Amino acid sequence: MKKFISLFFIFILFAFFIYASSIFLWGTFAPTSLKPNLNYRIGSKGHLFSRIQEIKKINSVDILFLGSSHAYRGFDPRIFTSHKLKTFNLGSSSQTPVQTLLLLKRYLDHIKPKSIVYEVYPETFMIDGIESSLDIIANDKNDALSFKMAYQLNHIKTYNTLIYGLIKNLLSANDSFNEPVQKKGDTYVKGGFVEAEMKYYTPTSFPPKKIVIDKKHLPFFKEIIHEIKKRNITLTLVFAPVSASFYTSYTNTNDFDHTMSSYAPMLLIITLTKP
Amino acid sequence: MLFNSIDFALFLPIVFICYWAIPNKQVSFQNAILVMASYLFYGWWDWRFLFLIGFSTLADYSIGILLAKQHTVLLRKLLLWTSICLNLGLLGFFKYYHFFLENFSTAFSFLGTKINTSTLNIILPVGISFYTFQTLSYTIDVYRKKLEPTKNVIAFSAFVSFFPQLVAGPIERATNLLPQFHTKRIFNYSKAIDGLRQILWGILKKVVIADNCAEFANQIFNNSSELNASSLILGAFFFTFQIYGDFSGYSDIVIGTSRLFGFNLMKNFAFPYFSRDVGEFWRRWHISLSTWFRDYVYIPLGGSKGSKLQQIRNTFIIFLVSGFWHGANWTFVIWGGLNALYFLPLLLTKNNRNHIEIVAKNKLFPNFKEFFSILATFGLTVFAWIFFRAETISHALKYISGIWSPSLFKAPNFNEIPKALVLLLIIGIFMLVEWIGRQNEYAIEKIGLTWRRPLRWSFYALIIFVIGMFMQTEETPFIYFQF
Numbered sequence: 000m001k002k003f004i005s006l007f008f009i010f011i012l013f014a015f016f017i018y019a020s021s022i023f024l025w026g027t028f029a030p031t032s033l034k035p036n037l038n039y040r041i042g043s044k045g046h047l048f049s050r051i052q053e054i055k056k057i058n059s060v061d062i063l064f065l066g067s068s069h070a071y072r073g074f075d076p077r078i079f080t081s082h083k084l085k086t087f088n089l090g091s092s093s094q095t096p097v098q099t100l101l102l103l104k105r106y107l108d109h110i111k112p113k114s115i116v117y118e119v120y121p122e123t124f125m126i127d128g129i130e131s132s133l134d135i136i137a138n139d140k141n142d143a144l145s146f147k148m149a150y151q152l153n154h155i156k157t158y159n160t161l162i163y164g165l166i167k168n169l170l171s172a173n174d175s176f177n178e179p180v181q182k183k184g185d186t187y188v189k190g191g192f193v194e195a196e197m198k199y200y201t202p203t204s205f206p207p208k209k210i211v212i213d214k215k216h217l218p219f220f221k222e223i224i225h226e227i228k229k230r231n232i233t234l235t236l237v238f239a240p241v242s243a244s245f246y247t248s249y250t251n252t253n254d255f256d257h258t259m260s261s262y263a264p265m266l267l268i269i270t271l272t273k274p
Numbered sequence: 000m001l002f003n004s005i006d007f008a009l010f011l012p013i014v015f016i017c018y019w020a021i022p023n024k025q026v027s028f029q030n031a032i033l034v035m036a037s038y039l040f041y042g043w044w045d046w047r048f049l050f051l052i053g054f055s056t057l058a059d060y061s062i063g064i065l066l067a068k069q070h071t072v073l074l075r076k077l078l079l080w081t082s083i084c085l086n087l088g089l090l091g092f093f094k095y096y097h098f099f100l101e102n103f104s105t106a107f108s109f110l111g112t113k114i115n116t117s118t119l120n121i122i123l124p125v126g127i128s129f130y131t132f133q134t135l136s137y138t139i140d141v142y143r144k145k146l147e148p149t150k151n152v153i154a155f156s157a158f159v160s161f162f163p164q165l166v167a168g169p170i171e172r173a174t175n176l177l178p179q180f181h182t183k184r185i186f187n188y189s190k191a192i193d194g195l196r197q198i199l200w201g202i203l204k205k206v207v208i209a210d211n212c213a214e215f216a217n218q219i220f221n222n223s224s225e226l227n228a229s230s231l232i233l234g235a236f237f238f239t240f241q242i243y244g245d246f247s248g249y250s251d252i253v254i255g256t257s258r259l260f261g262f263n264l265m266k267n268f269a270f271p272y273f274s275r276d277v278g279e280f281w282r283r284w285h286i287s288l289s290t291w292f293r294d295y296v297y298i299p300l301g302g303s304k305g306s307k308l309q310q311i312r313n314t315f316i317i318f319l320v321s322g323f324w325h326g327a328n329w330t331f332v333i334w335g336g337l338n339a340l341y342f343l344p345l346l347l348t349k350n351n352r353n354h355i356e357i358v359a360k361n362k363l364f365p366n367f368k369e370f371f372s373i374l375a376t377f378g379l380t381v382f383a384w385i386f387f388r389a390e391t392i393s394h395a396l397k398y399i400s401g402i403w404s405p406s407l408f409k410a411p412n413f414n415e416i417p418k419a420l421v422l423l424l425i426i427g428i429f430m431l432v433e434w435i436g437r438q439n440e441y442a443i444e445k446i447g448l449t450w451r452r453p454l455r456w457s458f459y460a461l462i463i464f465v466i467g468m469f470m471q472t473e474e475t476p477f478i479y480f481q482f
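Chains G and B supply the protein sequences, listed in that same order. Read in numbering that gives the first Met the number 0, the first sequence has 154 at position 155, and its numbers run on one by one without any break. Read in numbering that gives the first Met the number 0, the second sequence has 173 at position 174, and its numbers run on one by one without any break.
A few of these clues could be false.
Said to hold, decoys possible - Keeping only pairs whose Cα atoms sit at most 25 Å apart, straight-line, the calculated PhoX-like set for lysine-lysine is:
(1) Lys445/B x Lys2/G
(2) Lys44/G x Lys418/B
(3) Lys2/G x Lys190/B
(4) Lys150/B x Lys76/B
(5) Lys55/G x Lys83/G
(6) Lys183/B x Lys145/B
FYI, nobody ran anything at the bench for these hints, they're computed from the structure. Bear in mind that the values here come from a model prediction, so they are computed numbers and not experimental data.
Looking at chain G on its own, in the form it has when it is part of the complex (with noise of 0.2 Å):
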């Protein structure tokens, strides 16, 4: 019996050698299609690479900007700028709260805000957070903080990207990374705004759709909540503009807004959108 435990603990950490070593090369070598559970994307669509890379540059800002791509596309800093504010957008393709919360531990005091806006996108409270975790362990370091996001979503794609991710860190095979500023009809703008090429909005219908959120990440958002009062920073919650279709597609936004304001009662929820 001892010698079964022993011995098959020892093969736990062989196996987990074998495992990461197998994780590395493959996802080196192997074609995407071969790699259906591991997605690592460094300098993926979204500039979460120099946005991290100008953040870490940053001592003090007046305005933090967080949420989903909504966020990163829709509030330009140098609109604030010509308003004498000092602002910084910590957006992130379909960040969920479980990313948020791990970027502000990360960042929040580095950053020292006076005002915070959480951009609330209905989506990023209904999907399972795995796309967006990807990118930040492409895109970001890996820590602590990783190891807890990776536990909470416990899915093994973000397990098999976190290992790929710091192996790589390990052998500083990022360091020669940069990101090209212009990337497929999107560009980077200092202050983390990514400008969109702009195109003709062709006007289209979307089906009928209720807000469902996903139990699992209020926890998250109220932790979200709490770590930003106890410094006294100031937060308002938006809905980011969508167009006016899109946004009367929603059947029960009053619900949502009802829900958010019960998890912060004394912000203002505005909605920048005209249904």
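Please arrange chain B on chain G, whose structure you already have, making use of the hints.
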């Protein structure tokens, strides 16, 4: 609690350590731990199920004791039929109530009489079909005097509720499993290692083969009216591997887990897709159910003895009942009937026991005849699975009619074809490993046993890597849990 869940990954080591930590390995304490663990495991789904299994256990335990005391044939028969009626009554109520109600209502509506059917909100208790058959085997064997009834209620409870095989078998015979609960169990290192190896292979079958195939099988079966013939063929093919990976993977996990606790369960699958005829297929697929029906239904009916007509009747009964056991849907009955049709020519020409040994034993490749026999049997099996998977008979018929169209020679038109191609490649490699290990209890049983430890461990670690890299990320319940 699903075997492929985090809950089970925590539950199993805790039970394992408590079980083997008992001083002097006292059987009664070990059995008590197994009963508690099994009830916790079963109650994880719905605590209300515990009353049902508790009732079933106590009823058959008491009937067993009474059977031993009675020597009058009439009273013994009465006790046996009480057990049969109780067990099948519970099964019938929970599993088939709605089915019979709907069918009676439909039948009467044809006669012009409208029946008011009030439906009950009945939840199907997980695994009821399995433990019902297991307890029935106990009372029947006690009645036949093949087995002494147990006086130990804890051992009997452990036999009925043994958590590794509680929810989807293998349906153990009391003659095989019950004595193991009375025997002292000492930890055996080689047996435990073998158990872990079998669990590993079972997990790969479930999360890599079955769950990935399920993604495409579901997509294709759910949209069959919009897809071309080649897609439908692939849909049936994916389902064929889904159900094999799912159920045989489950059986491997169960048998492996039982070995960790010192138990030997019966083999449930023996590489059925390498069968050369349907008779062989049924000796290799869901063996515990096939042999249960053989021993308790087919042979009492006369089996293959008697006139040709009786043989045909018995064959149809056994396959139709087996089909109906799977679920309250006519599709399962048709699936059973189709298999009876496949089997009958073999039986009537006395060719049903031609292939007892595994194909190409001690050879690397099968000969041409064997190869084409395997292909033909596989083709028949794939065709029959369409009925098993379809929602209704009309769905199955439309699916089949969709296959016979000129689009058979066009490229498939379902979503994510590149991903499906990768899956086909994985299935190919998987079947190659199964072929290499076909003479063993499970495919990787003896692979690498003579290698040095680092090499052997690397092989197992690579299997873990394949699981981690290719596993389906949605937690999917085992198909047979619904039966």
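Given hint Lys83/G paired with Lys55/G - CA-CA distance at most 25 Å: Given that 25 Å is the threshold and the Cα spacing comes to 22 Å, the pair holds.
Hint consistency between Lys150/B and Lys76/B [alpha-carbon to alpha-carbon, up to 25 Å]: holds (21 Å)
Pair hint outcome, Lys2/G versus Lys190/B [Cα-Cα no greater than 25 Å]: holds (13 Å)
Given hint Lys2/G paired with Lys445/B - CA-CA distance at most 25 Å: holds (21 Å)
Distance restraint between Lys44/G and Lys418/B, which requires alpha-carbon spacing of 25 Å or less: Measuring from Cα to Cα gives roughly 23 Å; hence the hint holds.
Proposed proximity, Lys145/B with Lys183/B (alpha carbon, max 25 Å): holds (22 Å)
Violated hints for the displayed structure: none, as all numbered hints are satisfied.
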